[in-house]
Structures are given as C-alpha cells and as structure tokens.
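Asker: Here is what each chain is made of, one letter per residue.
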Amino acid sequence: MSELQHVIEMSGITKEFGTFRANDNIHLDLRKGEIHALLGENGAGKSTLMNILSGLLEPTSGEVKVNGKSVNISSPDVANELGIGMVHQHFMLVDKFTVAENIMLGREKTKFGYIDRKKAEKDIQALSDQYGLRVDPSARVENISVGMQQRVEILKTLYRGADILIFDEPTGVLTPQEIQELMGIMKKLVNEGKSIILITHKLDEIKQVSNRCTVIRRGKSIDTVDVAVTSQQELADMMVGRSVSFKVDKKPANPSGAVLKVKDLTVKETRGFDAVKNISFEVQAGEILGIAGVDGNGQSELIQALSGLTKSSNGSIELDGKNVTNLKPRKITEAGLGHIPEDRQKFGLILPMTLEENIALQTYYKKPFSKHGFLNYKEVKIHAKRLIAEFDVRTPSEEHSAASLSGGNQQKAIIAREVDRDPALLIAAQPTRGLDVGAIEYIHKRLVELRDNGKAVLLMSYELDEVMNVSDRIAVMYDGKIIAIVNAKDTTESELGLLMAGVSLSDAQDQAEQKGKEKGVVDSTK
Amino acid sequence: MIRQSKGLLNSLLVPVMSILFGFLFGAVLMLAFGYNPVEAYRAMIVSVFQSPYFIGEALRQATALTFTGLGFALAFQAGFFNIGIAGQALAGWVSAVWVALAFPDLPRILLLTLSLGVGLLVGAIWASIAGFLRAYFGTSEVIVSIMLNYTALQVTNFLIRNVLSEAGNTTARVGENANMGFQWLSTLTQNSRLNVGFFIAIIVVILYWVFMTKTTAGFEIRAVGLNASASKYAGMSAEKNIILSMFLSGALAGLGGAVHGLGTFGNIFTQGGLPDIGFNGIAVALLGLGNPFGIFFSSILFGVLNIGAGFMPNQAGVPDEMANIVIAAIIFFVGANYIIRYFIDKRAAKKQTASSTSQGGDV
Chain A
1 MSELQHVIEM
11 SGITKEFGTF
21 RANDNIHLDL
31 RKGEIHALLG
41 ENGAGKSTLM
51 NILSGLLEPT
61 SGEVKVNGKS
71 VNISSPDVAN
81 ELGIGMVHQH
91 FMLVDKFTVA
101 ENIMLGREKT
111 KFGYIDRKKA
121 EKDIQALSDQ
131 YGLRVDPSAR
141 VENISVGMQQ
151 RVEILKTLYR
161 GADILIFDEP
171 TGVLTPQEIQ
181 ELMGIMKKLV
191 NEGKSIILIT
201 HKLDEIKQVS
211 NRCTVIRRGK
221 SIDTVDVAVT
231 SQQELADMMV
241 GRSVSFKVDK
251 KPANPSGAVL
261 KVKDLTVKET
271 RGFDAVKNIS
281 FEVQAGEILG
291 IAGVDGNGQS
301 ELIQALSGLT
311 KSSNGSIELD
321 GKNVTNLKPR
331 KITEAGLGHI
341 PEDRQKFGLI
351 LPMTLEENIA
361 LQTYYKKPFS
371 KHGFLNYKEV
381 KIHAKRLIAE
391 FDVRTPSEEH
401 SAASLSGGNQ
411 QKAIIAREVD
421 RDPALLIAAQ
431 PTRGLDVGAI
441 EYIHKRLVEL
451 RDNGKAVLLM
461 SYELDEVMNV
471 SDRIAVMYDG
481 KIIAIVNAKD
491 TTESELGLLM
501 AGVSLSDAQD
511 QAEQKGKEKG
521 VVDSTK
Chain B
1001 MIRQSKGLLN
1011 SLLVPVMSIL
1021 FGFLFGAVLM
1031 LAFGYNPVEA
1041 YRAMIVSVFQ
1051 SPYFIGEALR
1061 QATALTFTGL
1071 GFALAFQAGF
1081 FNIGIAGQAL
1091 AGWVSAVWVA
1101 LAFPDLPRIL
1111 LLTLSLGVGL
1121 LVGAIWASIA
1131 GFLRAYFGTS
1141 EVIVSIMLNY
1151 TALQVTNFLI
1161 RNVLSEAGNT
1171 TARVGENANM
1181 GFQWLSTLTQ
1191 NSRLNVGFFI
1201 AIIVVILYWV
1211 FMTKTTAGFE
1221 IRAVGLNASA
1231 SKYAGMSAEK
1241 NIILSMFLSG
1251 ALAGLGGAVH
1261 GLGTFGNIFT
1271 QGGLPDIGFN
1281 GIAVALLGLG
1291 NPFGIFFSSI
1301 LFGVLNIGAG
1311 FMPNQAGVPD
1321 EMANIVIAAI
1331 IFFVGANYII
1341 RYFIDKRAAK
1351 KQTASSTSQG
1361 GDV
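Here the protein sequences come in this chain order: A and B. So for the first sequence, the working numbering puts the first residue at 1; every next one is plus one. So for the second sequence, the working numbering puts the first residue at 1001; every next one is plus one.
The set of hints was computed from the structure by calculation and includes no laboratory data. Each hint should be verified, as a subset may be incorrect.
[To be verified] Quick look at which bits of chain B chain A covers, simulated, 3 or more residues with Cβ under 8 Å: (1) 1207-1218; (2) 1317-1330.
[Claimed, not checked] In silico DSBU-like pairs for lysine-lysine, Cα to Cα no more than 35 Å straight-line: (3) B:Lys1214 - A:Lys378; (4) A:Lys385 - B:Lys1240; (5) B:Lys1214 - A:Lys277; (6) A:Lys371 - B:Lys1240.
Here a beta-carbon is modelled for each residue, glycine too, at the ideal position from N, C-alpha and C.
In isolation and in its complexed conformation, chain B is listed as follows (with noise of 0.2 Å):
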C-alpha cells in the first residue's frame, strides 16, 4: 500500500513539474518584456475560477481535449503515432453536422445518438486508412496521417461550400433536437456552453481505463505496443492489432469532434488550419503520461490555460502573443518531460550516494 502510494507520488512528480517550469519560464520571458507576472498568472486563474461562466467553458474545452488526447494515448500504446487526431476531429465534427443538419426530425436521443455515432465511425474509418496502410503495406502511418489530415481539411471545406451550405462558409445551426446543452448546466454556468459531452467524456474516461486493462484485446493492444517481437511469437496479428487501435483512436478523435461540433457550436464553418483540440489533445496525452485519468485532468488544465489566457490582455496588459508564448511554454516543458525527469533521477541518485557514505561510515 505504502509502496503503491509512493509510486503514484513519482508518477505525478513529472507532470507537475513540467507545469511549474513552464509556468516559471513563461514568467521569466514576462519580466524579460516588462510584463508582471503574477498579475498576468492572477488574471489568468483567478479570473477562471471567479466565474461559474468560465468554469463552464474550461470544462468545455476540456472535454474535446479528453477524447482526443485518449485517442492519441490509444494508438500510442500501442507502438503508433496518430498524428492524424486532428483531421479524424474534424472528420467526425463536420459529420456530425451533417448527420444533425439532414434529420432535424428524428427524436432528440435518437438524432444525438445518430450523429455522435456517425461522427465517431467516420473519424474512425479515417484513423484506419492509416492503419490499414500500415499493416499491409508497411507505409508509415505518422507521413499517411498527415497527408489524410490535409485532407480532411479540404474535403470538409468543400463539403461546406457545396454540399452543407449554398457556397456560404458556414453550415446552418443544427435543430433543438441536435442540441447537447442541459438546461440545469447552462443555468449552473451562467449559460456557458458546457454540455452533455463533459460526462460522455468522463464515462468514456472509464471505459478507455477498463478496456486497457481489463479486456484481452487492451492486453494485446498493450503488448503489441511494448513487444511487437514477442506478441507476434505468442500468436498476436500485428495487422489486426494495428487496424484495431488506430480504428480506436480515430473513433475517439472523432468523438471529440463531433462532441466539439454540435455542442460547442451547433454549425462548422469552414477552417483555415486544423482544429486546436487535435494538436492539443496530443500534449495533453503526453501530460497525462498516457493514463485516462491522468488525460482527463491534464484536459482541465489544458481548458483553464486556453481560457484563462484570454484575461492576460485585458487585466494585465499582456499582448494575446505573450499569452500564446506562456501557454506554449508549458507545454514544450510538458513535451520535453525526459528533462525533468533526468534532474529527478539526478537527485536520487545524489541521496542514495549521501545515505551510503553515511552509512558507510558506521562499518
């Protein structure tokens, strides 16, 4: 117990240090530019947690951040990098849309279910191009998923030019009965759009933890991802693994999509770059060390930040880049956590030197 308890101390020693240097660093450039940082960091957590409102709204970017930051650590696991996350995202939000837009009759569960589930298999079949590549024609699935992204940028703009609106940049707004929101929530968050997706998110936390550890195929996906070598030996098909956990992760991506679409917006529009909640999704796995639990609560911090960043301006007269800057920085130092990590070590190593010339001593 004592032990276990120690263990789960280290493993959130890094993750929290990373978020302390990149707060530090961000500090240090604020003062190198003249700018007060603990106005700037005041303005940016106080004014968060002031307000119901913006509680509400960093939990609604949270919650794409979960989905797809699972999705990232899914494929992860399993010996693959999904840097597609952000085109599945976006697969499986204009979707979504889609689905809500062309049966705005159908039964508000039903329509919900429909579109989520629409969004959550195309981002998944998107994810498997990639995956199937892979497996069969050993093509890198970083390079497929890339291209793939690109393509589900243009393919999405297209669609919204010609298909979803008469060659406007926006679709219309989905019917009420595409509507996530709660009007309990929206009430509690002083009409923030915190939606029903938040504890879709949490169940799916769950799920993400119990199918990677309880199920045989989160075992395979698992040892596929430590071993490919002794998984093959032991009678595991690399191809289906393969297919299987990028299938997973794009499902999740485009989960957070269309989670993303009809809840925080209703509509999609057309997009200049790829969403944010891909790209971000992957710090926030990586923060979260690849543990659902973890990436959920690096999700929240993620949506503080995002949030929070938006007050650095106004209150503490620091410009909107210097805000990006600061944000940017926590999450290099997320990225580059090995650095942290080394100086841990460093240090017990350091101890255990000092305990044994001590103790050295008494022989």
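Chain A extracted, bound-state conformation (with noise of 0.2 Å):
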C-alpha cells in the first residue's frame, strides 16, 4: 500500500465548454515518487486536465483525491496549498527582476515591512543546491540562458511548497544538452520525493524518464501503460489511434534553380547589435534548407528580415527573380512568400477574431473576399470551411475563436491559410513547436509534398531530427553567421551539434573538441 501510495487520484473527470467535451471521463492517478507522463495529440484535452488539477478550471463533474482525501480545487491558491505546483510551457517571469526576486514574488518575506532579499536568496540557493538547480539568485532574468529560466520556474515551485510537480511540454524550447540537464532535475526531484506529471509530445524523453504514461486522445483517457515494457511505436499508435510513421518519407530533392537568393546580408537587432552578420544563401525550387542552430544565433532576425517584418541594413535579398530587399510584408507576400511565423499566437493569428476572419488574413483584401472596399463574408466562410477539411483543422466551427483551438490545430489553420495561397517559397519557422507527433508528420508530409510541387521551403527548427529528417540542405547558424552548409544525408547528429557550437567544419569533420574557432577555412556558403 505504501509503495503505491497515490498523491493524486483524478477518476471520471469531464468537463464541457457549451456542447464540447474536452475532458470525457478521464481517469489519471500519480504514485507519490513516480514521473508519470501525460500523452496525447493537441486537443486531446490535457491542458484542460492540467487546467482543473492546478486550480484554473472546475470540471462539469468527477473526483479529485489528493493524498487520498477528496478536495475542490477552486483556485490556484488551493492547488498552492495542496502541494501541486506548474512549470508553464512559458515562463512566467519579470525580465528586470533578479531570479530570487522572481522567486519570491507574491511570498515576499519581510522584516519590519522591508522585504528580506538576503534570507531570501540564501533559501533559494539552499533549494538550488538541494535539487542541482545552479542557478545564481542575484542574477536578473533577462541575462541568463533559457535553460536557466526554466530552473528558476522550478524553484519557483519548490519555494512555495510543491511536492507534486506538472511540467507542461518543458523541452520545447532547450538546446539538447539542456534537455539532458532537465532530465537529470526531474530524476534528482523524484528521488527526493517529489511527484511529477510530465505533459508532453516527445515519445523518447517519455521513454527516457517517466515510469508509467497516461494516454489522452479527444478527451477520453485510452489507458495507462508501464513505459518500460511499452514501445514507442505503440505509445504513437495508441495516442493517434492509428498507425504512425515517423521516418519522413521522401524522395531525393531535385533543385531547379534558386528561388531565394541572399546576399550579404546584416540585420540589426532591436538594440542596434547586428544579431545576422552577412549572410549570404540560395534555396532552390523543389528543395527544402534547415536553418539549424541554438536559440538566439539569429534565426529569427534573419526570418523577420526575409519576410520584411524588420529591415536590413545591408545586402539584398531576391524572391523569384524580384528584389524584394527591405520591401513591405505585403509586397514580399505577394512576390511569392509564404510565411509560418515562430511565433504562432504572435504573429500568426489574431487570437480573439475568428477562425474564418483568421484564415482570410493575407487574402481579406483581394477579390473574391472583398469587393468595392465591403468583405464578402459568405465567400470568407466558404474558402475557410473548405480550408478547415482540407487540413484537418478541429474546431466545433469556423465562427469560433482563433483563441479556442488548441495550439496544433491553430497552427494548422496559419499552415493551411500559408500553403494554399501557393507561394513560391514557404517559410516555415519552428512549424512544429509544441505539436503532436501526428499534427507533426502531417506538418513535415506538406512540406516535403510543396517541395515536390517545385516550391522552395525553408525551414527553420531548433529541433535537431527535424531538421535532419526533413531538410535536403543544412545552413547551421552561429553567432549571427552560417557557418557551413551541409548536405542532410551526409551530415551527423554530432557534426551539427559542434557546428551549432561554433566549431568550424572542417574542425568537426575531424571531431575535433576545441572550441569555437572560425578560421578563414570555414565553408560558409556552400
């Protein structure tokens, strides 16, 4: 009984929003010292789950035990004071505040009304030192490494008391190394006798640490499995409820001339730092470029640049045989890009319109959605529908909020409104973050089918494997510059994990471990 002891029991849990079931009975119990993984594709209704355990929403009816004894979370308070705390898939902290003042924000511990920052730090860094944290409390937000943000989310959570932990899709946004690193956390908190529930996609890291998983799909809880006797395969199988393929199939590429031409080209970041140093590609008709590397190396400065969100201050850049260098976003939109921004809920969409408002968004102002300056709802509505099946978009109907679809199918609806408008090049900027394995197969299919169509795609990840499996060329950016092109087929794991560290290429062909020297060697283009 002991051993089995059950922290939390959540048993026919369901929760409706007007007529849709989100949650539909589900049944999910947590052993207390256990990682217990929460699967399912978007929409399944984890979040919703995750939402009624730490206090956000009420379930329509079911039961919640924690530590055996029946309770009512109405509020993240309660959820508080019950031990449950959450690791948000996005941080939640003040980038002008120091980690411990993050930490401590909301329990501020005071001496004689004046808060108590020294006996605050030291308890954090005891918490730190405890759990293998290393993070520095004196050190303001904004300043320290993503990795770092995510430790200091955690503490977050111990200092106010939690003993039952829920990440929610935590890798998302680590380099590899800090993904090890994570792991190692959530071992080092289980073993401490902490409980955690690990809300996820990614089929290995279930397989790497958790102890038993809970599969979720529309709604229904399918089972709950022991992962060590469980394979991936089954694990994707049983989340989709078919069959799953996770090699990308393709045939080899068969580049027909560029329809991207860089040249030169530097963009200056927001405080006047050239973040792309440079740069000069091509990405050819029928051919899909990665863009790999680690957060921050320029990625997205670049991607804003092509798509003329910001403007380059030097160098051009060619889109179909017109200069579309420092043009306006609509220009280069209909010079022939396509453009899946990174930032979904950002740039994508206009959360509180509707879906149909949304999937009309770069086309509103054209013939047959507007005419004499008036919209056309009734054609709005009938391309959005159409768009909706074609793309396996699941919404209860097109007048419903962009806001209310689950993240997968927003980006589906953005994927959807970007490919059929048939762009000579597509960008597609972390098109799979935070996605499903199946949204993601079905997302890497159309990719590789526009490339098949004869269209350019450039793709930009910081997932290493989709780079890898989806792209025929690989330009690895660092520090602003790419640093080698590589073929996919050709290249490693390792080679572009030390290209993604600034090792030069001809330095980590040789598998040579010195540190990120660029000498004038460097096959920078091609």
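Both chains are sitting in their own frames, so use the hints and assemble them into the complex.
Answerer: Below, the structure written as structure tokens:
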C-alpha cells in the first residue's frame, strides 16, 4: 500500500465547454515518487485536465483526490496549498527582476515591512543546491539562458512548497544538452520524494524518464501503461489511434533554380547590434533548406528580414526573380512568400477574431473576399470551411475564435492559410513547436509535398531531428553567421551539434573538440 | 440562436449592473447626507418622461454624445486612446458656426451640409495630427491629444474674440438657413431644441456598424487593435491604420461638435473649459462596450440623467452638487465595470462548482 501510495487520483473527470466535451470521463492517478507522463495529441484535453488540477478550471463532473482526500481545487491558491505546482511552457518571469525576486514574487519574506532579500536569496540558494538546479539567485532574468529560466520556474514551485510538479511541455525551448540536464533534474526531484506529471509529445523523453504514461485521445483516457514495457511505436499509435510513421518519406530532391537569393545580408536586432552578419545563401525550387542552430543565433532576425518585418541594414534579398530587399510585408507576400511565423500567437493569428477571419488574414483585401471595399463574408466562410476540411483543423465551427483552438490546430490553420496561397517560397519557422507526433507527421508531409511540387521551402527549427529529417540541405547558424551548409544525408547529429556550438566545419568533421575557432577555411556558402 | 441570445443577455448584464450599482451608490450617498433618494430619483426620471419637452431635450443631449461616443470607440477599437475628443468636438463646433456665419445666403440644405461637413473635416484633421505624430514619430497619442485639447480651447476663444465677433464673448446667431430645427419635431416636443441631428446620429450609428463589421477597412482597424504584430505580418500598414482611425474618430467628434453647436446653440461663445460632450462621450463609449447600438442607448441614458438631474434640487431638495455626485457615481461604476464583471464571473464559477458536486454525487 505504502509503495503504491497515490498522491493524486482524478476519476471520472468531465469538462464541458458548451456542448464540447474537452474531457470525457478521464482517469489519472499519480503515485508518490513517480514521473507520470501525460501523452496526447494537441486538443486531446491534456491542458484542460491539468488546468483542472491546478485550479484554473473546475470540472463539470468527477472527483479529484489529493493524498487520499477528496478536494475541491477552486483556485490556483488552493492548488498551491495542496502542494501542486505547475512549471509552465511559457515562462512567467519578470525580465527586469533578479532570479530571487522572481521566485519570491507574491511570497515576499519581510522584516519590519522590508523585503528580506538576504534571507530569500539564502533559502533559494539552499533549495537550488539541494536539487542541483545551479541557479544564481542574484542574476537578472533577462541575462540568463532559457534553460536557467526554466530552472527558475522549477525553483518557484519548490519555493512555494510544491510536492507535486506538473511540467507542461518543458523541453520545447531547450537545446539537446539542456534537455539532458532537465531530465537529470527531474530524476533528482523524484528521488527527493517529489512526484511529477510530465506533459509532452516527445516519445523519447517519455521513454527516458517516466515510469508510467497515461494516453489521452479526443478527451478520453485511452490507457495507462508501464513505460518500460511499451515501445515508442505503441505509444504513438495509442495516442493517434492509428499507425504512425516516424520517418519522413521523401524522394531525393530535384532542385531547379534559385527561388530565394540572399546576398551579404546584415540585420540589426532591436538594441542595435548586428544579429545577422553578412549572410549569403540560396534556396532552390524543389528543395528544403533547413536552418539549424541554438536559439538566439540570428535565425529569428534573419526570417524577420526575409519576410519584411524588420529592415536589413545591408545586403539584398531576391525572391522569385524580384528584388524584395526591405519591401513591406505585403509586397513580399505578393512576390510569392508564404510564412509560418515562429510565434504563432503573436504573429500568426489574431486570437480574438474568428477562425474564418484568421484564415482570410493574408487575402481578405483581394477578390473574391473583398469587393468595392466590402468584405464578402460568404466567400470568407466558404474558403475557411474548405481549408478546415482539407487541413483537418479541429474546431467546433469556423466562427469560433482562434483563441479557442488548441496549439496544433492553430498551427494547422496558419499552414492552411499559407500553403493554400501557393507561394514560390514557404518559410516555416519552428512549424511543429509544441505539437504532437500526429500533427508533426502531417506538417512534415505537407512541407515535403510542397517541395515535390517544385516550391522552395526554408525550414528554421531548433529541433535537430526535425531539421535532419525534413531538410535536403542544412545551414547551421552560429553567432549571426552561417557557419556551414551541409547535405542532410551526409551529416550526423554530432557534427551538427559541434557546428551549432560554433566549431568550424573542418574541425567538426575531424571531431575535434576545440571550441569556436573559425579559421579562414570555414565553408560558409556551399 | 439560443446561444446568441444568451451571449447578448450576458453582454447586457454588465452595463445594466453598472447602472444599477451607480444608482444604489448614489442613493446611499443621499441617505448619508439626509436626502430622500426615492424622491430624488423620482424627480429625476419621472419629470423627464412626463414632459415631451424634456424628452426632446434628453434626446438632444444624447445626439451629441452619440457622435463623440462613436468617435472615441472607433479609435479605441484600433487600440488608441483618443482623449482629444473634446478638443476635436470644439474644433468642429467653431468651424461649423464660422461657415454658417460666413455664407448666410446659401440655400439651407447646402449651407447645413457645408457647415456640418467642414465641422467634421476640421475635427478629423485635428485628431489626425495626433495620429500622424504617433504613426511616424511614435509619440503618445494621449499626450498629444491632451495638448491639442488646450490648443483647440484657446484657439477657439481667440477666434471668437478676434475674428467671429467684435471683441465680444459670443458670436452672432447663425441665420435661418443654418437652422437644424424641424417644425414638426419642435411641435412634437413642445419647443425643445431636438433637431435633425438626432436622425443624422441614427444614420451614423448604422454606418458605423456597417463600416466596422462589413468593410475591409473596418476589418483592418479591428485587426490592428486586437493584434498589431499579426496585422503587420499580414501586410496591413500600421501607419495607415493609425492615421485612418484617428481621422475617422476625429471626424465623428467634429461632426458631434458641429451638430451640438448649430443644433443646440446656433452660435459659439467663449469657453471656460472643454465641452462636456467630449469626456461624457468617452464614458458613453465605455458603457456601450464599443458597440454602436449600445453607445446609442447609453447616450440616451446620459441625456436623461443630465436633464433629470436638473429637477433634483427643486423637487426633492437635493442640491445641485449632490445631483452631480450621483451622476458621477454612475459614471464611476460604468468605468469600473470590471468590478462587476469580477463578481459575475465569481458567481458563475460558484454555480458551476455547485452543479459539479451535485453531479459528482451520482457517480
């Protein structure tokens, strides 16, 4: 009994939004000291379930027990008191504050009305050391790495006394090394008596750290399995409800002439430093060029310049034979660019607007959607309905707001909008971030299909697997420069890893371990 | 269908509750100072509705507020806080009167169109200054339009003293051809100053709705207001939409000022401060939740309150100041409607819990 002690039992959880059942009689139990993975496609109801557990939503029916006692988690504060803490996917940190200030925010320890910073920093340091989190309490959040920011989020929940930690897709923003480190931290946490629910799409992570896994599909809990005896393929099939293929099937590329020509491009970031430094490359029709690199090496700025969202300070961009350097976004779009933006909620969608309006976002001003300055909502609706069906966007209707869709379905709507315009070049920035295998498989297929139809695709991703699987050629960016362009089928993960860390191509090929020396021999173009 | 009507009901709940809370708070205040709130409210409301004249006057007030309310709402939907509505309305007022005085012999329909048109245009240009500076230099439209409010006030007073009159404090009255009154309307409302502006306001309410929900330009303004980054990504021009929304916002305010000036007064006099229709228009827009029909009805409410407050001193012995405080309390609760929203949400959450536990019992 004691070794199988349940810290959380959720039984018969149902949550209805209007007529839509986001959770339908879901069962989930978490044993003390285990890492329990929660696996499901986007929109399967994982977030709803976890929002119920963390007090953000109340279930329509069902029972939640914490440590054997039936509880009513009516607000996040109640969840907090019960020792449930959530490590959010999107960090909730104040950039200008120090790590310690962020952690004690809302829980300030005071001495005669003054904040006792020293005591807080000491406590935080002690916690950090206990779990091996390696966090500097006095550093400002804006100056620390993404990995460390996440560890600050973890510390925040621990500082508030959490025994049950929910990790919401924690690895999406991390580099491979940081992911390994996080896995270590999670194991350490359970060794120290914490229990963890890990929400993820990544099957290899589930295999690596978790003990059991509950699979949710379309709001229902399908099964809870012992991870050690279940294969990744079985997990994936269970999640999607059919057999899934991991490999991206593709014929050899058939490149036929450059669609995008970038020459000597330099782009400044907001503070005025050069984020992209004198880059030149081409993307051919009929090929997928991947851009690999650790977050923050100029990839975002490069793509913003290509799509007209930022001005470049030097160099030229030619798209489909037209010079589009520093043109406005619409001119570039009309010259033949499709763009799946990196931040889909900030740039890709207007969340409060309806799905049909969002699907028309790039074409609303053209016939047949607009005539004599009036929008033709009939056409907008017909168009939206067709794309929703064709791209399998799961939504109760096209009149629901984009905000009501799950992340994967939001992404599908964006892809539908961009691909349907039949652009000569599609820029896909982090197109599968936070999506499940079913959606990833689908999106990769679409990208390859576009390539096979003779379009050019520029794929920017921080996920090495994705870049290697989907691309034909891979450009590695480091410190604002393209440090090398390699053929996807000739390279290896370790070679790319070294290049991403700034090691020159020749050194990387020699597997030399010496750090970031870029000798004159760097093959920076082709 | 059912879902829609439920949504409508819910969205009406907040403004209605705001108004009720305002009245309640006003009543508590009056009680605290020894006045009879029932008498006072009876005086305020019954007196207005008993007399066609005061109904007409309330609607006349509502007319100007509809314009300024719509003006504020338009910029607000695009994400800008046009606090310069009052100055733009004043600019519209003075220029409409000026035109009417300058061309007294034009045919009536032509002179009215010209005067109102110039008032509209001047208000629009006045607001566009703030829009232009915001679009190309990133200056805050709030600060610039506050400055422009004072500029409008002083320029207007200067014009009245030095150009539109012989060093006097009022201009001459505009001629018969710039009269916005309708004989049958005055007869119906026993010589109130209700005028054709009321019907223009109704038309503008409908045009506003059509513009915002049916046109491409309205779609862009809404999009920019909801998510400026995504709008830029979708190729909409931020500069164009800032200036356009401020232009239209000022146009509505300017038209409101022109209608107010010609319809209510028929002249302009030196002002001690900015006209109320500006700031009350902001309150009306907030109470109407940005919906043109909501704005129309909340203007009428404000008209009734304003006119009705005048009866409180005589009929219920509540001093003028108290009457104004009661109105202010109502406006306060309108502005603070998130408090009411908070309580409504909390109630809804409680209800849900209650139903979930009762259902949970069956399992």
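Asker: Next, verify each hint and record whether it holds.
Answerer: Results of checking the hints against the structure:
1. Check result for the region 1207-1218 of chain B against chain A: holds, 4 residues qualifying (beta carbon to beta carbon below 8 Å, three or more required).
2. Figure legend: the region 1317-1330 of chain B, annotated as covered by chain A; annotation inconsistent (0 residues with Cβ-Cβ distances under 8 Å, at least 3 required).
3. Annotation: proposed proximity of Lys1214 (chain B) to Lys378 (chain A) holds, straight-line Cα distance about 11 Å (limit 35 Å).
4. Taken as a hint, the Lys385 (chain A) and Lys1240 (chain B) pair is honoured in the structure, with Cα atoms around 31 Å apart against an allowance of 35 Å.
5. With a C-alpha separation of about 45 Å, the suggested pairing of Lys1214 (chain B) with Lys277 (chain A) is violated against the 35 Å cut-off.
6. The suggested pairing of Lys371 (chain A) with Lys1240 (chain B) holds, with an alpha-carbon distance near 20 Å, which does not exceed 35 Å.
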